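Visitor: Once you have looked at the hints, place chains B, C and D with the ligands on chain A.
Just so you know, the protein sequences line up as chains A, B, C and D, in that order. If you read the first sequence in this note's numbering, its first letter stands for residue 4, the second for the next number, and so on. If you read the second sequence in this note's numbering, its first letter stands for residue 4, the second for the next number, and so on. If you read the third sequence in this note's numbering, its first letter stands for residue 21, the second for the next number, and so on. If you read the fourth sequence in this note's numbering, its first letter stands for residue 21, the second for the next number, and so on.
Some clues are possibly wrong.
As the list claims (entries may be wrong) - No more than 20 Å apart at the CA atoms, straight line, and that leaves these computed lysine-lysine pairs for PhoX-like:
#: 1; chain 1: B; residue 1: 348; chain 2: C; residue 2: 183
#: 2; chain 1: D; residue 1: 263; chain 2: B; residue 2: 150
#: 3; chain 1: A; residue 1: 348; chain 2: D; residue 2: 183
#: 4; chain 1: B; residue 1: 299; chain 2: A; residue 2: 292
#: 5; chain 1: A; residue 1: 299; chain 2: B; residue 2: 299
#: 6; chain 1: D; residue 1: 276; chain 2: A; residue 2: 62
#: 7; chain 1: C; residue 1: 268; chain 2: B; residue 2: 348
#: 8; chain 1: C; residue 1: 473; chain 2: C; residue 2: 426
#: 9; chain 1: A; residue 1: 348; chain 2: D; residue 2: 224
#: 10; chain 1: D; residue 1: 413; chain 2: A; residue 2: 348
#: 11; chain 1: D; residue 1: 461; chain 2: D; residue 2: 426
#: 12; chain 1: C; residue 1: 276; chain 2: B; residue 2: 318
#: 13; chain 1: C; residue 1: 437; chain 2: C; residue 2: 426
#: 14; chain 1: D; residue 1: 437; chain 2: D; residue 2: 473
#: 15; chain 1: A; residue 1: 292; chain 2: A; residue 2: 280
#: 16; chain 1: D; residue 1: 196; chain 2: D; residue 2: 181
#: 17; chain 1: D; residue 1: 473; chain 2: D; residue 2: 461
#: 18; chain 1: C; residue 1: 461; chain 2: C; residue 2: 473
#: 19; chain 1: B; residue 1: 62; chain 2: C; residue 2: 461
#: 20; chain 1: C; residue 1: 413; chain 2: B; residue 2: 348
#: 21; chain 1: B; residue 1: 348; chain 2: C; residue 2: 263
#: 22; chain 1: B; residue 1: 348; chain 2: C; residue 2: 224
#: 23; chain 1: C; residue 1: 413; chain 2: C; residue 2: 437
#: 24; chain 1: A; residue 1: 318; chain 2: D; residue 2: 276
#: 25; chain 1: C; residue 1: 494; chain 2: C; residue 2: 426
#: 26; chain 1: C; residue 1: 263; chain 2: A; residue 2: 164
#: 27; chain 1: C; residue 1: 104; chain 2: C; residue 2: 81
#: 28; chain 1: B; residue 1: 292; chain 2: A; residue 2: 299
#: 29; chain 1: C; residue 1: 473; chain 2: C; residue 2: 494
#: 30; chain 1: B; residue 1: 18; chain 2: B; residue 2: 196
#: 31; chain 1: A; residue 1: 164; chain 2: C; residue 2: 187
#: 32; chain 1: D; residue 1: 187; chain 2: B; residue 2: 164
#: 33; chain 1: A; residue 1: 150; chain 2: C; residue 2: 263
By construction, these hints were calculated from the structure, which means they are not laboratory data. Since the structure is predicted, the reported quantities are computational estimates derived from the model, not experimental observations.
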Amino acid sequence: MSYLAKPKVHHPSLKKNALGLTRRDYEGSLSTLCAGCGHDSITAAIVQAFWELEIEPYKVAKFSGIGCSSKTPAYFLREAHGFNSVHGRMPSIAAGAGAANRDLIMIGVSGDGDSLSIGLGQLCHAIRRNVNLMYVLENNGVYGLTKGQFSASADPGSTSKRGEVNSMSAIDGALMALTLGATFVARCFSGDKAQLIPILKAGLVHNGFAFIDVISPCVTFNDHEGSTKSYAYTREHQIELVQADFVPVREEIEAEYAPGSVQRVQLHDGSHLNFRKVAEDYDATDRDKSYAYIRKCDEAGEVATGLLFIDPDTKDMMEQAQAVPGPLTSLRFEDLCPGSEALEKLQMRFR
Amino acid sequence: MSYLAKPKVHHPSLKKNALGLTRRDYEGSLSTLCAGCGHDSITAAIVQAFWELEIEPYKVAKFSGIGCSSKTPAYFLREAHGFNSVHGRMPSIAAGAGAANRDLIMIGVSGDGDSLSIGLGQLCHAIRRNVNLMYVLENNGVYGLTKGQFSASADPGSTSKRGEVNSMSAIDGALMALTLGATFVARCFSGDKAQLIPILKAGLVHNGFAFIDVISPCVTFNDHEGSTKSYAYTREHQIELVQADFVPVREEIEAEYAPGSVQRVQLHDGSHLNFRKVAEDYDATDRDKSYAYIRKCDEAGEVATGLLFIDPDTKDMMEQAQAVPGPLTSLRFEDLCPGSEALEKLQMRFR
Amino acid sequence: MRDQTNDFAFKIATANGTGSASANGLIMQAIFRMGVPVTGKNLFPSNIQGLPTWYEIRVSKHGYTARTPIFDLMVALNPATYAKDVAEVRSGGWLMYDSTWPLHDELIRDDVTYIGVPLAQLCNENFKGVRERILMKNIAYAGALSALLGIDPEIILELTKEKYSRKPALLDSNQKAIDLGRDYVHANYDCPLPIRLQPMDATKDSILIDGNTSASLGCLYAGATVGAWYPITPATSLMEGFKGFCQKYRVDPETKQNRYAILQAEDELSAIGMVIGASWAGARAFTPTAGPGISLMGEFLGLAYYAEIPAVVFDVQRTGPSTGMPTRTQQGDLMSCAYASHGDTKHICLFPSDPREAFEMAVAAFDLAERFQTPVIVLSDLDIGMNDWMIPKLTWDDRYRPDRGKVLSAEELDAAKNFARYLDVDGDGIPYRTLPGVHPKGSYFTRGSGHSKMGAYTEDSDEYQEVIDRIARKVDSAADAVPSPVILHNKGARMGIVTVGACHAACVEAMDLMAADGLPLDYLRVRGFPFGDEVRQFLEEHEVNFVVEQNRDGQLRSLLMLETGVPRSRMQSILYYAGFPLSAHHVVTGVTSKLGVLV
Amino acid sequence: MRDQTNDFAFKIATANGTGSASANGLIMQAIFRMGVPVTGKNLFPSNIQGLPTWYEIRVSKHGYTARTPIFDLMVALNPATYAKDVAEVRSGGWLMYDSTWPLHDELIRDDVTYIGVPLAQLCNENFKGVRERILMKNIAYAGALSALLGIDPEIILELTKEKYSRKPALLDSNQKAIDLGRDYVHANYDCPLPIRLQPMDATKDSILIDGNTSASLGCLYAGATVGAWYPITPATSLMEGFKGFCQKYRVDPETKQNRYAILQAEDELSAIGMVIGASWAGARAFTPTAGPGISLMGEFLGLAYYAEIPAVVFDVQRTGPSTGMPTRTQQGDLMSCAYASHGDTKHICLFPSDPREAFEMAVAAFDLAERFQTPVIVLSDLDIGMNDWMIPKLTWDDRYRPDRGKVLSAEELDAAKNFARYLDVDGDGIPYRTLPGVHPKGSYFTRGSGHSKMGAYTEDSDEYQEVIDRIARKVDSAADAVPSPVILHNKGARMGIVTVGACHAACVEAMDLMAADGLPLDYLRVRGFPFGDEVRQFLEEHEVNFVVEQNRDGQLRSLLMLETGVPRSRMQSILYYAGFPLSAHHVVTGVTSKLGVLV
Ligand SMILES: Cc1ncc(C[n+]2csc(CCOP(=O)(O)OP(=O)(O)O)c2C)c(N)n1
Ligand SMILES: Cc1ncc(C[n+]2csc(CCOP(=O)(O)OP(=O)(O)O)c2C)c(N)n1
Ligand code: SF4
Ligand code: SF4
Ligand SMILES: [Mg+2]
Ligand SMILES: [Mg+2]
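So here's chain A without its partners, still in its complex pose:
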């Protein structure tokens, strides 16, 4: 809200990145979310990830739907355009923006209601299209902003704050994304920055749709006994299948890993990921293996986290459209309009 604009004081002490920007320069207005909301931690991680990647904020476009989670793009990257669209329809807005200007660095933030209920169709088709968008699903198992109804990610058997039991099966965004051919699938916990930040960085660099499901507890409506999206439950049941270290282009690869223990995946901009297998025999580049592995964890009552799957060399939406490089918005009108002569000529067809 206007009167909540955060004072942009500069502490000379703050560390600067290569652009000479401090973390503060990647923040937005003051959060109006509940104290302790998981979403705020994710916002902090996003700020950190952009700062570390040394991205100029104004080159970024932020998208969201409607919900507490969807409010958060206002809380980071003050100097980037933001688009808080309508409920569940953010993916189409982002796809359109990406078509107009493929050079935009696009991040979308959504909630489990916004993404898996009203927005399920658009999310699935954005995955199919491989829109070049990092999509962060802030997953708390409820509709926070409308005060705590079950969302489609609520696990069967889990209970609402009022004690009702959810009977419907849950939609697991990660499994669904894998099934739909997503090229980047991760699951994290808002409470685990060490894991979240490198994955966010990889997601931003990934060429295509990066789906990141982040368990993000709702302290007000879904942090109780009986919830499977509470801080306590997630801490207890989270298991990390892989640890992904993001290595930017210019940094040297330290060979400090025990041989064989690490899988190296090159990203399209030259940077790469080092996967340290926590669960050995896990292969984050094998779609079916990861699917099966996540299912195994489900059966064991564990919440599988980490960068679960990546296919680094795929064509994003605009490559599939075989569009010219650079923004369509910067094409000269002369290169778009065939002109009067051509019009005269082509009309012979209609005689």
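Guide: Relative to chain A, chains B, C and D with the ligands alone:
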């Protein structure tokens, strides 16, 4: 169309079922689809399945969206109510009807455009809700009624009649249904009645959402070289993982199977299925195994068919709602309206 | 100076999510129990915790229920809005604040009396734990207020007891907090203030209730069995209310099974689809929503209109367009609802003015939807739906039986020679319906594509036209069946006020004020659409009609022009669309300024 | 008997999916090449194969392009519709049929001349294979017709050569089929009939084109780079046309990469979302749809209106409501488009009357959308979009440059002190925009929720109201920017005809007829919404205005009442909504019957 109403002549010769009805009694008006359309074969199989199950037509409710496929409910069960709703939104109509009257035997017919594009969200949520509906997806990889654009089930690399190549990944309805916790998942080929009919019968008896993906070639727009939904391609690449024999309640189980070769699954009405494993080590009651198996076939360029997965004892939507047995529509008003005294009393809360 | 006993208004400024809601409710209810007419308006943010929220309480011995923008006392407990709140007190009024911290000089007005109560300090001394201290602070101010306004302590005690009967620990701390506030005020100020309460006997036949709750009661009593919804402010509490009542009155005593089904849909398209499917199969089904939901339901509403399927929709309107201000009120969906969906359509709409009519019209909606086999939209709004109104007790006639319309039973179908779904057998434009699963002869194919009166698919012009012409006649004929307008004639009145919905309270108060100033006005409030002929007559009887409504574009006036043919020149728009409930003040200034122009 | 040379109409009845379309096209084009004005109306079913379909060709030396319901010749080739077709021939007219099989007696009218041609027999004798025989039958009748009507054989030959230049085999069989038909007729009947063709010189500056194709050309020339769509009849061919032109004119000659992106969305909600996203990011983007799509786009259109984002939508209207008759025409979406979405909204609409205006208005739509930062809806219809119209050649002014509206460049932002998205800097109600990825100073947060003129989130009444009041002013000011109405004054006219879109052709023809009968009328055709003041003036200048439109509820009249304030009493509705293109006949009978009542 009115003037296409089919003459309902009765050939005494025609075989009658226990209700004394012939196949003719399960037909509808004359099809207006293209000669050779796969959808017409499915219609014929549906007629056969209902006739064999000896279901009174008027107890059935037929639902569809919009498309060539969605026209077909007019072509079977003349004596059943039909509801040709709007594009992609049939599942919600069926869910509502099922809530009002859970005794209705509900069948939904849709197309790949109706189900996987505009209707994807509703389909997924009907699966989650486990609406007691047999859902037949007549899958031809194109939008037939709008003249042949790619649908979301078109395989990457397959070509349109005009020669365009599809670049987007395909949505495999069966895999998606498995991922969403569907309790009955099958895939068939419209050209294979022997396989289709028992599966349709099982789907009708199944207590919950029965998802049946039927490859149903569009002879006019998608039956060419380069299509992966053509008759030729499907015949060549179809492989049957399991053969399901449907055994109605009153029939004896003939033990004519080689011991071990058959898996017996009991359905909630007492009838059951005998699975003859074509691919041995296939288990149609193991969600993850079937998922993996289908994926393996995909990799091998094979189209896995059969009753791929079934979980016979689950709660359908109305059981989850803990609703009274029988139609809500037949409750007496006295049992619904608390009356004036109760109103007087409860208002003490508001003083 | 006028006596303000039982005739004043005050406003409480806090931050949301801090428990102030229950304190405000406590005060409201206590005043009500003293027999004094009272209404409350909750102005809350679209947010869960920590943002400014206000609660306005108006005490009116005359029984006026409209919002008043003039406040005698401000309870300013939110530093974030001090400046705004201080400015809003009327000259000569009072301001209560938490004196644990001093007030900045610029907040001091010398025409206002300041009442400092060290709430935080008191609670910090007497309670442990951050959360409890915050909560108790908000109970303590209730105690302080009760002293300042002369609220009967017995009643407060009784209410807290009722509330915490099952939680003795809470009861004690609450009681303690109340005493802290009251005692401090008694010790430091002479109480009560000139704005004070005196017991009356004006509320014993009334209740305090919000319109979503009463509407959900209407659905319960009308026999609705299927509720489908997707949560949205300010409609959410309607379905939550219905669920609560069903859990109490719709559970089979033996089997504990439910005589209802509530489906939480994945979105509004699905919710209205479920309602249409359920109604098609013969249930009374409904869905509550708000503006964005209405937009999303457009396609399906057209299907129900053309395929002639009953459907009941509650549009609890909020401030638009788009997401707008979800926690503010408006009447901005009139046009969207009346003509929802592409192509030629027109929908029956009902316009409650308060929670009582919300209850009655909920029942009427189901009868009309089934009788006319078409969607019926009840246009409530956030003010009606979410604020606590004092209304006469709801009553119920046990002889009521649902009007299921022309539905053919199995017996009738057995007897019938044949059945044609869209045939105008009775010449009233209403065809006969059948339900699935009832009888082979009843079968037909429902479709939103072209169909003949026999129910067959058609692309034939005449067959198509015959059906849609009949549907137009049918819906227009509903004008005589919807609730008739409220019409008041006043002696000597030459001009009229025409309005809709929640504007009622402010309009009638404004008319009293203007009559007192020698400007009597006639009054008409539409309650249903399509409009009956009385509406046209009223408009034509009056040279000048002031059309009062809460939207920017004068949508009620638009509907009046379109449907009655009365020219715009006879209608003067008085519009208020800032998002708060309408006050008599807005109406009076609106009328007088127009008159300034007119004369 | 009047000379019908170059002045007659005939109708061809076949089944769809049998190749008759190309035969009909061939005949149309041949007549056109003879220099004779001609138009065709395709009446096809919502189905792919085997259902009745009709093609109506009107030859008019006067250049009238409206549909005529009177047919001099019926080419009855579909036994399923024989009865209907025979009945439609004017008394004294001709009927050609396939005499391979005899006609039933009840099909014989003695006031009609029957021309039997054994098409099936001829083709069975001369061609092999079921499919080829069916196809060739439909070419053979073209040959027969060319003889009966005196179409220049040379031109037919030339056209077939052009068409099959790359398929010599097909060329031969087609040529052969044509000869079969022609020779048989020449041998058995004396040709040509009194309804005959004679070369003229009236078409050399014209083209035959449908409005979806011309609209897609408009998008190409306007510089649209992003097209998002979901297939729907009758809008599908608009995007397919755009794709075709882009493949020819928008591919980088070296790299073969595309200077456009066409996104086939999963539904209309997604399609309009993509358009809004692309426009927000600075591209010219559009989506073609029909009624059902408009209903589904409602929520997003409200967002674009309130967040002030350009968006171009083509609504190629079809017969509603709901799915209605997808292959029939209507003007039923006027109200839905003008006020789409919940809350207070109003949208700029453009109303082309033929393919030429569809081209021009497509271009205008992008300029208006970007200039006013709001959605613009071009309301075409199936008649304009899918039928072949004879129109003057399209022209293009190479000096044209897109009006991108107030978009701040990086340089401007650099220079600017600060940027406020929704500030009315110039007092014209239009704020300044920035695009993402351009400059840090340009950043702002776009939202459909309450916002202040600075672009900040707000729940403050005044801040909210300031913005929506400006938006209302902004959109109303577009009245002077949309294409002005076409106004014709006729000597002695006291009454006026007011209409919209494709009704034009029928109205002007009707006016000629009525003028000849001594009833001169003035004429106004609206071309844009909001209406300019000329519209109000015209309506007020005429005691009686006949409002001619193609919907049931008089939606244009409604818009005129609402926006001009002119009372309904001055407007007499003349409605035709049976789904076929409007004919002068409907207008004349409409007017005269009203006059009967009036006098
Ligand atoms: C069309 C529409 N329907 C309903 C709403 C009301 N609504 C706002 S947010 C929300 C759900 C948000 O849940 P989620 O996406 O999980 O976000 P969270 O608040 O939990 O972070 C709903 C239903 C809306 N704004 N628009
Ligand atoms: C809201 C809406 N959008 C678009 C259409 C146009 N439309 C009709 S059928 C169809 C696609 C049908 O494809 P599918 O479901 O695969 O059925 P098929 O014809 O292939 O059997 C479309 C896009 C429509 N009727 N309604
Ligand atoms: S309600 Fe829940 S999701 Fe929303 S801000 Fe509060 S804690 Fe976060
Ligand atoms: S177009 Fe395709 S899907 Fe439609 S009827 Fe013909 S063959 Fe079947
Ligand atoms: Mg959530
Ligand atoms: Mg299809």
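Visitor: With reference to the structure, classify each hint as holding or not holding.
Guide: So, going through the hints one by one against the coordinates:
Distance hint between residue 348(B) and residue 183(C) is fulfilled; the C-alpha atoms sit about 18 Å from each other, no more than 20 Å. Distance hint between residue 263(D) and residue 150(B) is fulfilled; the C-alpha atoms sit about 16 Å from each other, no more than 20 Å. In summary, the hint linking residue 348(A) to residue 183(D) is supported, as the alpha carbons are separated by about 18 Å, within the 20 Å threshold. Annotation: proposed proximity of residue 299(B) to residue 292(A) holds, straight-line Cα distance about 12 Å (limit 20 Å).
Among the hinted pairs, residue 299(A) with residue 299(B) is consistent with the structure: their alpha-carbon atoms are about 18 Å apart, no more than 20 Å. Using a Cα cut-off of 20 Å, the hinted pair residue 276(D) and residue 62(A) is violated, with the two alpha carbons roughly 28 Å apart. Using a Cα cut-off of 20 Å, the hinted pair residue 268(C) and residue 348(B) holds, with the two alpha carbons roughly 13 Å apart. A threshold of 20 Å between alpha carbons decides the hint, and for residue 473(C) with residue 426(C) the separation of about 16 Å falls inside it, so the pair holds.
With a C-alpha separation of about 14 Å, the suggested pair residue 348(A) and residue 224(D) falls inside the 20 Å cut-off, and the hint holds. Pair hint residue 413(D) plus residue 348(A) holds up; C-alpha atoms about 11 Å apart against a cutoff of 20 Å. Of the supplied pair hints, the one linking residue 461(D) and residue 426(D) holds, its CA atoms being roughly 16 Å apart against a limit of 20 Å. A C-alpha spacing of about 17 Å is found between residue 276(C) and residue 318(B), which places the hinted pair at or below 20 Å, so the restraint holds.
As the CA atoms of residue 437(C) and residue 426(C) are separated by approximately 17 Å, the hinted pair is consistent with the 20 Å bound. Proximity of residue 437(D) to residue 473(D) is assessed by CA-CA distance (about 16 Å); at most 20 Å being required, the pair is judged to hold. Our distance criterion of 20 Å between C-alpha atoms is met by residue 292(A) and residue 280(A), whose separation comes to about 14 Å. Restraint check for residue 196(D) and residue 181(D): the C-alpha separation of about 12 Å stays at or below 20 Å, so the hint holds.
Proposed proximity of residue 473(D) and residue 461(D) is supported: the alpha carbons are some 16 Å apart, at most 20 Å. For the hint pairing residue 461(C) with residue 473(C), the CA-to-CA distance comes to about 16 Å; that is within 20 Å, so the pair holds. With a CA separation close to 12 Å, the supplied pair residue 62(B) and residue 461(C) stays within the 20 Å bound. For the hint linking residue 413(C) to residue 348(B), the alpha-carbon distance of about 11 Å falls within 20 Å, and the restraint holds.
Under the criterion of a C-alpha separation no larger than 20 Å, the hint pairing residue 348(B) with residue 263(C) is consistent with the structure, at around 18 Å. The hinted pair formed by residue 348(B) and residue 224(C) meets the criterion: a straight-line CA distance of about 14 Å does not exceed 20 Å. For a cut-off of 20 Å, the pair hint linking residue 413(C) to residue 437(C) is broken: about 49 Å separates their Cα positions. At roughly 17 Å between alpha-carbon atoms, residue 318(A) and residue 276(D) fall within 20 Å of each other, so this suggested pair holds.
For a cut-off of 20 Å, the pair hint linking residue 494(C) to residue 426(C) stands: about 13 Å separates their Cα positions. For the hint linking residue 263(C) to residue 164(A), the alpha-carbon distance of about 16 Å falls within 20 Å, and the restraint holds. Using a Cα cut-off of 20 Å, the hinted pair residue 104(C) and residue 81(C) is violated, with the two alpha carbons roughly 28 Å apart. Between residue 292(B) and residue 299(A) the alpha-carbon distance is near 12 Å, which keeps this suggested pair within the 20 Å criterion.
Proposed proximity of residue 473(C) and residue 494(C) is supported: the alpha carbons are some 14 Å apart, at most 20 Å. Under the criterion of a C-alpha separation no larger than 20 Å, the hint pairing residue 18(B) with residue 196(B) is consistent with the structure, at around 19 Å. Between residue 164(A) and residue 187(C), the direct Cα distance comes to roughly 18 Å. Compliance with the 20 Å bound is thereby established for this hinted pair. The hinted pair formed by residue 187(D) and residue 164(B) meets the criterion: a straight-line CA distance of about 18 Å does not exceed 20 Å.
Between residue 150(A) and residue 263(C) the CA atoms are separated by roughly 16 Å; this keeps the pair inside 20 Å, and the hint holds.
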